[in-house]
Each structure stands twice: as structure tokens, then as C-alpha cells.
Amino acid sequence: MTTTTTEHMPRATGRRSGRKGGFARSRNADRLTRAIVIVVTVLALVYILLPVYWMVKSSFQTNADIRALPPHWYPHEFTIQAYLDMTYVIPIWRYILNSIYVAAAAAILSTLIGCSAAYVLARFRFPGMTLCLVAILATQLIPPITRAFPLYSAIQSAGLLNSYTGIIIAYAGFSLPFCVMLLRGYFMNNCPPDLEEAALVDGCSYFSAFWRIILPISLPGLAAVTIFTFLNAWNDFLWASLLLNQGDMKTVQVGIGDFSGEGGNVRYISMFMAACVTATIPALIMFLFVQRWLVSGLTAGSVK
Amino acid sequence: MAHISLRQVTKKYGRFVAVPDLSLEVAEGEFLILVGPSGCGKSTLLRMLAGLESVTHGEIAIGGEVVNDQMPRQRDIAMVFQSYALYPHMTVAQNMGFSLKLDRCSKAEIEERVAAAAEILALTPLLDRKPAQLSGGQRQRVAMGRAIVRDPKVFLFDEPLSNLDAKLRVQMRAEIKSLHYRLKTTIVYVTHDQVEAMTMADRIVVMNAGNIEQVGTPLELYDRPMNRFVAEFLGSPSMNMLPGEITGAAGALSLRLADGSSIALPGRDLGLAPGDRVTMGVRPEHMTIGDTGGMGLDIVVDVTEPTGSDTLLIGRAADCAITCELDGRPDVRMGETARVTIDPAHLHFFDEDSGRRIGAAG
Ligand SMILES: Nc1ncnc2c1ncn2[C@@H]1O[C@H](COP(=O)(O)OP(=O)(O)OP(=O)(O)O)[C@@H](O)[C@H]1O
Ligand SMILES: [Mg+2]
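If you read the protein sequences in the order shown, they are chains A and B. The first sequence begins at 121 in my numbering and counts up by one. The second sequence begins at 4 in my numbering and counts up by one.
The following block holds chain A by itself, in its conformation from the complex (with noise of 0.2 Å):
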């Protein structure tokens, strides 16, 4: 940079800083503006994460070092103890399998029946299409605690309470409406309809260009609905403490959530915590994994 213009720009600071390159840019620019920014941005971590680092901490404590006052704010003595143990009074793991095989079902069963049901409403016209809209776009009007007492009698009478299948088609079911919604949209909006026409000439079947052309370029937005529909069953409470709240099938959240009702998260506190923490791990691994298939842009130079 030549001195010119390292002279020149303080003098332009206060409207530069607004431009490319932001505060970055800006050597002098507006500290004090730089400066709150920063402690609210650290404010609002801090309120965020607390929790969750006190969490992290005490499942590396000790029952009593958890317990001192005043308390603690880094463990005293560090252990991972409770990681070991915790399996002695809570069944986490098979708590985690349970979640990760009702939550990843859902996801994979609505995200087919929302494609397939998405793609005939975005591409197809037939009688009452828009009845079918409305209807999918009214579902989601009615608050879901109202639902409870008509779906508990459904999934009882059809003999799927206190089992995965049950619970796994209420899951997927909640998640359609948007499934559906949102997959339509990308599909009116991202795939050509020339794409599938250039495939049915290129000799495939609808299904086919259905399969090899459409889905592909939707990625992202299959990847949008399936980490919506796993997110919502892994963190769901209510559901399954209606519909599956049975000994060793219970997901994490019931699990966890009857552990401390028992009384474990007293006197266990810090197995509790460490089960905590690590029921925390599959979702974020799940969301990691997906993410990469969040970018968009996957349409572009398809057509003019």
C-alpha cells in the first residue's frame, strides 16, 4: 500500500467501515463501535454456553466437588470417573441406539414419502391439487398438543404403543407437512422441468429421471428436511413419553428426563451430567455430516 493512501484513510474510516472488508478494513475505525460489538458478542456466548459448560464441568467432577459452596467454576479435582460409571445407573448407550434408530428412520421415511409426494405436486396437475395444498398447509394450524389424546388412541388400537414402528410413523408424520412444503418449493424453483425432458429423451423411465436427475440436484434440500425431521425426533420429549416409555426402549430424552424424575440426577449427579454430555454428541455429528450437502447452488448452468 502506498503512503497516499494510508494517509488518506482515516479520514474516510467512518464510511468505510460500512463497506467490503468491514471492521477488518477499518484500521482506526471506530473502536469504541469494535469494541462493544465484541462484549456483546461474548456476553451473549457466555449466556448461551454457560449451561452447557457447566454441564461439560461437572462430568468431570466429583459428587462433592460439584456440590461445594460457593461453587466451583473449574473442577478441582479432575476425573472421568463418571464416564465410566454412568452405565451402572443409566443405560445411555442404548438410550443413544434407541434415539439414533427412531430419529434416522423418521428422517429417511419422510424424507421418500415428502420427495415422491413433492414432486407430484410441484410437476403434476390433477383435481384437487389445491385441496391437497391446503390441506397439507392446514395441518400444520393445529397446535400438536392436540393431537396427543387422537394419535395415542390411533397408535394404541393399532397395536404399536411401546414400540419403535409406532413411534418412528408419528415422528415422520409430524415432519411431512414441512417436508412436503419445503421440498415442493425447491423443486418449482430449482429443477427445470426441461431437466426431466432431456432425460425422458435420453431414455429414461419418469422414475428414472425422477431418481438420476432431480434427486441429485435437490440435495440440498433433501439434506434441509432430514436433519429438520432428525433434529425434531432426536429432541422430541412429549411423543415419546406418550408412546414409548417402556424400559430399555426409551429414547434419550425420555431416558434421561425419567433418570432425573427418579431422583438420579441428585444423587448421581455427576453420571448424569456425563450422560448428558454425551447425549449431546450424536446430533452434532449427524448435523456435521449433513451440512456439507447444505451449500446451494447445485442447479446453476443448467439451462440459459
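Since the hints were derived computationally from the structure, they do not count as laboratory data. All C-beta atoms in this analysis are idealised placements derived from N, C-alpha and C, irrespective of residue type, glycine included. It is possible that some hints are incorrect.
[What the hints assert, rightly or not] Only part of the chain B face toward chain A is listed, based on derived beta-carbon distances under 7 Å:
no., residue
1, A53
2, P75
3, F84
4, Y90
5, K180
6, L182
Starting from the known structure of chain A, fit chain B with the ligands onto it as the hints suggest.
Only chain B with the ligands this time, still in chain A's reference frame:
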């Protein structure tokens, strides 16, 4: 290679009739070009041939087999779309090889055929790119490549050269022509560009509002347009039209123009009678500058456009816009009145009401 018949084909979109009633035969191995103004139903016709659009009434047969109810893939056709429709998640090579892959060709064969097509289209250095990394013209060539790697019964092209620059367009025109010469596959080709139509086609179909105006070889259409629409549509600059009334007696007819001036018509039988209201058509290149006796016309020159090899003279006579294509660089200035002579051997007469060609003239 196959012969195509369209028998009384009708296409309706709801109440809107895009193609009212169209019959057409395309011979085996023929290069047929559909031309017509925007929205006249060219793409619709092509899409019906491809099986992408249902036929409301009538029959389409390819190679003697009625294909109305066949899926596109059963028809064995290759098509280049007006919008390219490249698969964005595949490389250029995969785009071009996709149909072969569906056909279960071996990897080696796919590679070989893709390489050969890429060579023709100058796409070899781009084979590993994705469509997003290509320019418009390159995408268009990939779309062409996707069609020519195959060996279908029929090629359908929907304005495949519209996005190329002038030089590349001329080059691709020659490529398509020689491709057709080598493969002898039936081609139905849609274009806006009448130069493309004139230079490439075995036969041209001129369409207007879903109807066929005329079918014939390029020179037939150029020399004997059957109506005003075809006459004005083909040829660039387009044919000059002079409306007027026939006066005089048989053997010595003349055309009285709107401003009262008259042009003496040649003595041979033109199929005209005194009192007829007609439009006389003269192609710009059938006019020469200067008064050489014969059929003269005074033109007020608005603009001259020297193109190098010849000069366009744009002006008006009797309230009609007139364009003359003159050899060399005649000394005519803007604003002057110039006298041009019309070549009496190349006259076209059209009935003023119906627009149909009159008699054996020309
Ligand atoms: N899906 C549709 N629904 C209703 N009308 C349609 C539909 N597709 C085409 N049309 C109409 O049919 C007519 C013919 O359209 P087509 O696309 O065949 O025109 P074209 O000759 O290919 O024009 P261009 O040269 O601009 O591509 C147009 O008037 C158009 O508005
Ligand atoms: Mg078109």
C-alpha cells in the same frame, strides 16, 4: 433413420389452439427445417414429435409406427432443447454419455463416442467441467453433443445455434450439414434464422399461427412463394411490396400505385386482368440503379448502407418502404431521389385480399 408422418395433428392447451390441423410428411434421411415467427408453434410441434407433449387429435408416425402413445424413450429420438437443459450435476462428458449409459453401452464405447463428438464440437478441453463453468455458446455445444453421440432414428433440434457468435454459427452450420451428410439421419430443425433455413435445409416448412404456409425446397420457396407471408418471411432484406391496381388492356398492363404513378408490366401472361387489386413483390436484389428503359421506379432515399461488397439503399416510393440491394458502390446520397429499374423476369403478384400468389408469374 426413419420417415415421419403427421396426419391432421391438432394441439390444444385448454381452449387455446396452438396447432389447428397440421399434416406433413418428412422423408427418410431428409433435413427438414421449420421456420416461422415466435410463438407460431414450432417448439410445440417438435415436442409432440419427441413425445413430451400429448397430441390432442391426429396421428404421428415415426418409421411407419404410430407413436402417439409412446414414451419419448421408446421413440428413439435425440433432441436439442432451446434452453439446453444440461444436467448440472454431471460433467460435460457425463452429460454427453448419459444416454449411452442408459443404453448400457460399455465404458470404452461411451468414452470413444463422447470423445468423437467432443472433437467435432471443439469440446475436448472442456470434458471435465460442469455446465456452470461454461459460457452460453459452450453450453449450447454440449447440448448438441448430447444429441450427436447417439445414433437415433430422428434428430430434433430446437434453435440449437441461437446463442453462438456469428463465426461459430457459420462453423456449426457446416458441421451439422456435414453430420447430416455422413449419418443420413432424418432431421427436424427449428430456427428463427432464415439464413440458417435457406443454407441447411433439404426442405423448409414455413409456419404461421400453427398452420403450414408453404413447404418446399429453399429455392422453390424463395423463387415462388405461394403467399405474401412466405414472400416476406424468407429473404433478407425482405421482399418489397407495392400494392396497386391493374390498369390498361391485356398485353399492355400496368400497375397503378397508391400515389397515382404507374409501372408498365411486361407483356407476357401474368394471370392478371384490368381492375385486379394486387400487391407486386420485388426482391431487393432484383433492382438495379439507373433508368434503362424497362420498369422504372423513383425512390426517395432515406439511408444508404454500404456493406462492402454491395450497397443497401433504403427509401420509399408511393408510401411503401423499399429496400434495394445494389452491386458495388453506386453514387447515391441520402435525401436524393434515385431511379431504379426492376428486373421484369422476377416479379411476384399476390391477391390483395387473400394474399395468395397469382398466376404463373415469375
Ligand atoms: N404449456 C402451454 N400452455 C399454454 N399455451 C402454450 C403452452 N406452451 C406453448 N403455448 C402457446 O403455444 C404457442 C406456440 O408455442 P411454441 O413454444 O411452440 O412457439 P415457438 O414457435 O417455438 O416460438 P419461439 O420461436 O419463440 O420458440 C404460443 O402461442 C404459446 O403461447
Ligand atoms: Mg420455440
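- Using 7 Å as the Cβ threshold, decide whether A53 of chain B counts as touching chain A. This interface hint holds because 6 Å falls under the 7 Å limit.
- Interface hint status, Y90 of chain B versus chain A (Cβ within 7 Å): holds (6 Å)
- Query: Under the criterion of a CB-CB separation shorter than 7 Å, is F84 of chain B in contact with chain A as hinted?
  - Reply: Where the cut-off is 7 Å and the nearest Cβ of chain A is about 5 Å from F84 of chain B, the hint holds.
- Supplied contact hint for L182 of chain B, tested at 7 Å Cβ to chain A: Since chain A brings no Cβ nearer than about 18 Å to L182 of chain B, farther than 7 Å, the hint is violated.
- Task: So, P75 of chain B near chain A? Judge it on the closest CB pair being under 7 Å.
- Result: Holds, about 4 Å.
- Task: Using Cβ atoms only, decide whether K180 of chain B comes closer than 7 Å to chain A, and label the hint accordingly.
- Result: violated (23 Å)
Hint check: violations occur at hints 5 and 6; the rest are consistent with the structure.
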